[in-house]
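S.K.: Following the hints, complete the assembly by docking chain B onto the known chain A.
Number of protein chains: 2
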Amino acid sequence: MRISKLVGERLKDSASTANVKSHNYLLRAGYLKQVCNGIFSMLTPAQRINLKIQNIIREEMDAVGGQEVLFPVVMPRELWEKSGRYFSIGQEMVRFKDRNDHDMLLGMTHEEAAVHLCQNTIKSYDQLPFMIYQIQTKFRDEARPRAGLIRVKEFTMKDAYSFHYDKEELQEFYKKVYDSYNKIFKRIGMKNFIAVKSDSGMMGGDIAHEFMLLTDIGEDSIVICPHCDYKANMEVAISKEIKPQFENTEKKEVYTANAKTIEEVCKLLNISAIQTIKAVCYAIVGDDTNTVIAFIRGDKEVNEAKLKKIIGKDIAVKDLSDTGLVKGNIGCLNLNLPNTTVVFDKSLEDMQGMATGANKEGYHIKGVNLKRDLENVEFVDIAKVKEGELCPVCGKPLTIKRGIEIGNIFQLGTKYTKSMDMTINMPDGTLINPLMACYGIGVGRALASVAEESSDEKGLVWPMSIAPWQIYFCPLRMDDNSVKEKAEELEKSLSNNFELLYDDRNVSAGIKLTDSELMGIPLRVVISPRSLSNNEAEITIRKSGEKIMCKLDNLNELLKNLINKEMEELNG
Amino acid sequence: MRISKLVGERLKDSASTANVKSHNYLLRAGYLKQVCNGIFSMLTPAQRINLKIQNIIREEMDAVGGQEVLFPVVMPRELWEKSGRYFSIGQEMVRFKDRNDHDMLLGMTHEEAAVHLCQNTIKSYDQLPFMIYQIQTKFRDEARPRAGLIRVKEFTMKDAYSFHYDKEELQEFYKKVYDSYNKIFKRIGMKNFIAVKSDSGMMGGDIAHEFMLLTDIGEDSIVICPHCDYKANMEVAISKEIKPQFENTEKKEVYTANAKTIEEVCKLLNISAIQTIKAVCYAIVGDDTNTVIAFIRGDKEVNEAKLKKIIGKDIAVKDLSDTGLVKGNIGCLNLNLPNTTVVFDKSLEDMQGMATGANKEGYHIKGVNLKRDLENVEFVDIAKVKEGELCPVCGKPLTIKRGIEIGNIFQLGTKYTKSMDMTINMPDGTLINPLMACYGIGVGRALASVAEESSDEKGLVWPMSIAPWQIYFCPLRMDDNSVKEKAEELEKSLSNNFELLYDDRNVSAGIKLTDSELMGIPLRVVISPRSLSNNEAEITIRKSGEKIMCKLDNLNELLKNLINKEMEELNG
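Chain order of the listed sequences is A and B. Add 382 to the 1-based position in the first sequence for this note's numbering, that's all there is to it. Add 382 to the 1-based position in the second sequence for this note's numbering, that's all there is to it.
So here's chain A without its partners, still in its complex pose (with noise of 0.2 Å):
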């Protein structure tokens, strides 16, 4: 490829809505174009690197037995009105009505799409388990697209859905994916990545994990223990309870003025935080009526993560005027109020000597016993993890982390086919609804996760599996004949054996390596009069900076053993 006919400038300035590292290379280096807030064209360059991503992803799933398949983008609303789905996915999913008036979505994720495929044709236990997957593209409706590549409205997926006749064949195949996706974003190139615990969401199900990129601009928290093999995503997250023992006395009405705040009351009761219970109120999302107060201890915030999952609906931080709740004095005892759900985090479980609001202007109580003073309490975790918390497994103090989603496995059991009535026969001759898991991995997202870890204060520095081109060859003095002439000569033998980049562009050194470091291609060839003079060419590795002069007789040598060497790396 000739730069000179190459689609996409490089521009030396920052582009102004790129806030995030990655999305500003991209940008300046000609790789996207945005069309829209959260939809982007891309160009060559980056549309090479998806292709190769795609290979990459395609070879891992295939040699796990995954078939490809292509479900449609748009389907009728029919088929998401069996898993339930239809209504319980927001705005997030984009639905129109055809030419006939009919529903129809833009498909999110395709496990209905998956059912549809393979009932009445997958009959018999026997033919499983199997898994098939699709790359294509996907439409979601983000609120806030954000940071380029990262989150998007429109991305190209793979998605994957296994199939399977009990819970330990599943657990062994999920194992398998587990470890091809490890393969894959090994192959691609990242480094600093783990799987986590995750919640499963909007698919369902119980286990589930995350890959993520460890980086300071991921939008997720990740738990960590630096000790053990503890790894979870805040969502999920647990650590081990530690509860001191306060002396067990007498509830006491006191009187706390205009004390509101958990420091403001602790400061005037002389207590900490840890002896006090908190009160954080929220209301279910499209219901108006009804209040959700969650009691936890006052050292703790609460995971509303965990909390939407057990109140089963969306909640959202609730305005209390008209409710009957006094703000900066909500307790949980004696508080009798209509369409009012509570939920008592574990931390309070089994606690004593406790401070809680007394549901009255100026007023708390001390020496609540919650064991005592409270009859058929259920203590559930909707707890979020503190940094140097304890792990709950090996007891040591827990890190957290920020990182990017990459990838998510999970395990979804039969929602989907007990849902859309999908039936496989045992060897007993019963019918059971077999288990499903799902497997996904944005593509864009993975271009642009490499290139924030893979990127210096020059631009952008692609590994070599996943690169537009493999060489860069940059020939400096165009104007002078003979560099031209043989530029020319060899950049017909080089694009015989390699994915060339040529700079065939008339204009200053200073521009074209400028450019190439921009660019991010792997290895840069220069030929300039002083080289020629030598029969030299210069090599330069973008990764690391070294610099090789190379005989122009041994430059396909060298370039290959290069190229191989960073390839053994990264497929090893």
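Keep in mind that the hints were calculated from the coordinates and are not lab data. Keep in mind it's a predicted model, so treat the numbers as computed, not measured. Cβ coordinates follow ideal geometry from the N, Cα and C atoms, glycine included. There could be a bad hint or two in this list.
Said to hold, decoys possible - Examples of chain B residues lying across from chain A (beta carbon under 8 Å, computed):
| hint | residue |
| --- | --- |
| 1 | Met424 |
| 2 | Thr426 |
| 3 | Phe453 |
| 4 | Glu536 |
To be verified - Below are the DSS-like pairs computed for lysine-lysine, each with C-alpha atoms no more than 27 Å apart in a straight line:
| hint | chain 1 | residue 1 | chain 2 | residue 2 |
| --- | --- | --- | --- | --- |
| 5 | B | Lys520 | A | Lys520 |
| 6 | A | Lys387 | B | Lys565 |
| 7 | B | Lys505 | A | Lys840 |
| 8 | A | Lys695 | B | Lys479 |
| 9 | A | Lys387 | B | Lys557 |
| 10 | B | Lys874 | B | Lys929 |
| 11 | A | Lys565 | A | Lys947 |
| 12 | A | Lys866 | B | Lys505 |
| 13 | A | Lys479 | B | Lys695 |
| 14 | A | Lys505 | B | Lys840 |
| 15 | B | Lys505 | A | Lys394 |
| 16 | B | Lys874 | A | Lys558 |
| 17 | B | Lys783 | B | Lys568 |
| 18 | A | Lys565 | B | Lys874 |
| 19 | B | Lys387 | A | Lys565 |
| 20 | B | Lys766 | B | Lys625 |
| 21 | B | Lys387 | A | Lys549 |
| 22 | A | Lys387 | B | Lys800 |
| 23 | A | Lys874 | B | Lys558 |
| 24 | A | Lys800 | B | Lys387 |
| 25 | B | Lys479 | A | Lys464 |
| 26 | B | Lys709 | B | Lys695 |
| 27 | B | Lys479 | A | Lys479 |
| 28 | A | Lys558 | B | Lys387 |
Stated by the list, open to error - Not close to chain B: a few residues of chain A, all C-beta gaps over 10 Å, as computed:
| hint | residue |
| --- | --- |
| 29 | Ser470 |
| 30 | Lys622 |
| 31 | Leu717 |
| 32 | Pro809 |
| 33 | Asp861 |
| 34 | Ser910 |
| 35 | Arg912 |
M.R.: This is chain B only, laid out in the frame that chain A set:
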């Protein structure tokens, strides 16, 4: 791939929804599953073909310098308002509102996106010509999906867009892509296809060609001269004018009673249809107040595609009530109605002694001389060519065949670059709007077209270049241990060298052989207790039915030769 794990079943019976051969076989052989009218899921065999077709297209697009990009499926209204197509395209384009109440659409084609991507990044004539292309999902809300993948709502398409600084340079590039289209269709195994001149329809522009697979199930009529090179879609086809000269007489109103049709009037006046002037009335879609009257010689039919292009708007057959027109007596003289557009076909130019309606109940006018009796009439071509009319190039009789459009290429001119204000610098410093051309191929339609052309009474017959697998490995009597052992051994060695579908089922020879024929895999390798006793396998070539007995030691070599031979023919 083991057939016991392959998702999708082979069916004995015709699917009731399938009314063409290819669709029937694709459903029966486990290639497709319908999700709803015009929307399909593709199973693994079909998706493997899709990917092979895509790769052939990609290779040929790259060979003429194409740069692969990826445009979004979902685009904002603003982009399509600039070109005017947000309003000019009808119900076939899906429009919806996003969560912020913003108008969005599903792209049916990507001229606007292509200009958006290139403008401001391509600035100078010396960057031209170039071509960008994508392979992407498209959705068109077709009123009448039909014939399986031949006409669907959702499909994968390769669409390419080239940019040019003058007409000559455009023509040169257009010819290159024209040639590459011929290569693509040949390589994917189409035989009986031709390129014909066509209408540019909603794309705008002048010169356009369609690539047509000739087949009786085709929706298009194609006018072909068997004697010279003339080929054109009926929509734009012309024939050589032959004008009989009738006697020039005075015009005279005659009583024709209830004679309304051309046939009745001819019988009454004792003339032939060629001596009459036929009136055909149309409404303009979306505009109830206007009427279009097309006058054409009585022996000819109106070509609505041509008429539509002249009117510049969609037309439909008109209901004549409340128009003031007298049905069966409409004529071209004394026709003074408001809101009426009148169009005269070329066939009437210079005609004399003609009969026309008198615009009053029961009367016609004889002896009309169009030059003498009408003023300021422009005659334009709105006639349909009929079988046997004479070729406009060589003058010999034309034939009419039916075809499926498998690809199309358009010279668009500056329609999009002008409306979207894309400019480039010319050497003399002037700014111009570059010329564009666009080039489409539907991947699924190509698959179905090959299936339609390459199939026989037993099932599908895939060309080697796009076959889902090269070899159907078919051991008979899998209950025989010696067969099973040998089969597993051969499967290993064969799948190292070939794409193998392994029929590992323990079912009857009849089922296995029938399935292999239905699925259309090019080569079948059968082993059985008898063949193994001679240390042989039987190879059957699906296309010819030819059978070859082959020693197991030579199997690899012979299969390689057979595959290479067919691939050379296809790529030749």
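S.K.: Work down the list of hints and note, for each, if the structure agrees.
M.R.: Now for the hints, and whether the structure bears them out:
no.: 1; hint: Met424; result: holds (4 Å)
no.: 2; hint: Thr426; result: holds (4 Å)
no.: 3; hint: Phe453; result: holds (5 Å)
no.: 4; hint: Glu536; result: holds (5 Å)
no.: 5; hint: B:Lys520 with A:Lys520; result: holds (12 Å)
no.: 6; hint: A:Lys387 with B:Lys565; result: holds (24 Å)
no.: 7; hint: B:Lys505 with A:Lys840; result: holds (26 Å)
no.: 8; hint: A:Lys695 with B:Lys479; result: holds (25 Å)
no.: 9; hint: A:Lys387 with B:Lys557; result: holds (20 Å)
no.: 10; hint: B:Lys874 with B:Lys929; result: holds (23 Å)
no.: 11; hint: A:Lys565 with A:Lys947; result: holds (18 Å)
no.: 12; hint: A:Lys866 with B:Lys505; result: holds (24 Å)
no.: 13; hint: A:Lys479 with B:Lys695; result: holds (25 Å)
no.: 14; hint: A:Lys505 with B:Lys840; result: holds (26 Å)
no.: 15; hint: B:Lys505 with A:Lys394; result: holds (17 Å)
no.: 16; hint: B:Lys874 with A:Lys558; result: holds (22 Å)
no.: 17; hint: B:Lys783 with B:Lys568; result: holds (20 Å)
no.: 18; hint: A:Lys565 with B:Lys874; result: holds (24 Å)
no.: 19; hint: B:Lys387 with A:Lys565; result: holds (24 Å)
no.: 20; hint: B:Lys766 with B:Lys625; result: holds (16 Å)
no.: 21; hint: B:Lys387 with A:Lys549; result: holds (19 Å)
no.: 22; hint: A:Lys387 with B:Lys800; result: holds (22 Å)
no.: 23; hint: A:Lys874 with B:Lys558; result: holds (22 Å)
no.: 24; hint: A:Lys800 with B:Lys387; result: holds (22 Å)
no.: 25; hint: B:Lys479 with A:Lys464; result: holds (25 Å)
no.: 26; hint: B:Lys709 with B:Lys695; result: holds (24 Å)
no.: 27; hint: B:Lys479 with A:Lys479; result: holds (11 Å)
no.: 28; hint: A:Lys558 with B:Lys387; result: holds (17 Å)
no.: 29; hint: Ser470; result: holds (16 Å)
no.: 30; hint: Lys622; result: holds (41 Å)
no.: 31; hint: Leu717; result: holds (37 Å)
no.: 32; hint: Pro809; result: holds (16 Å)
no.: 33; hint: Asp861; result: holds (15 Å)
no.: 34; hint: Ser910; result: holds (24 Å)
no.: 35; hint: Arg912; result: holds (28 Å)
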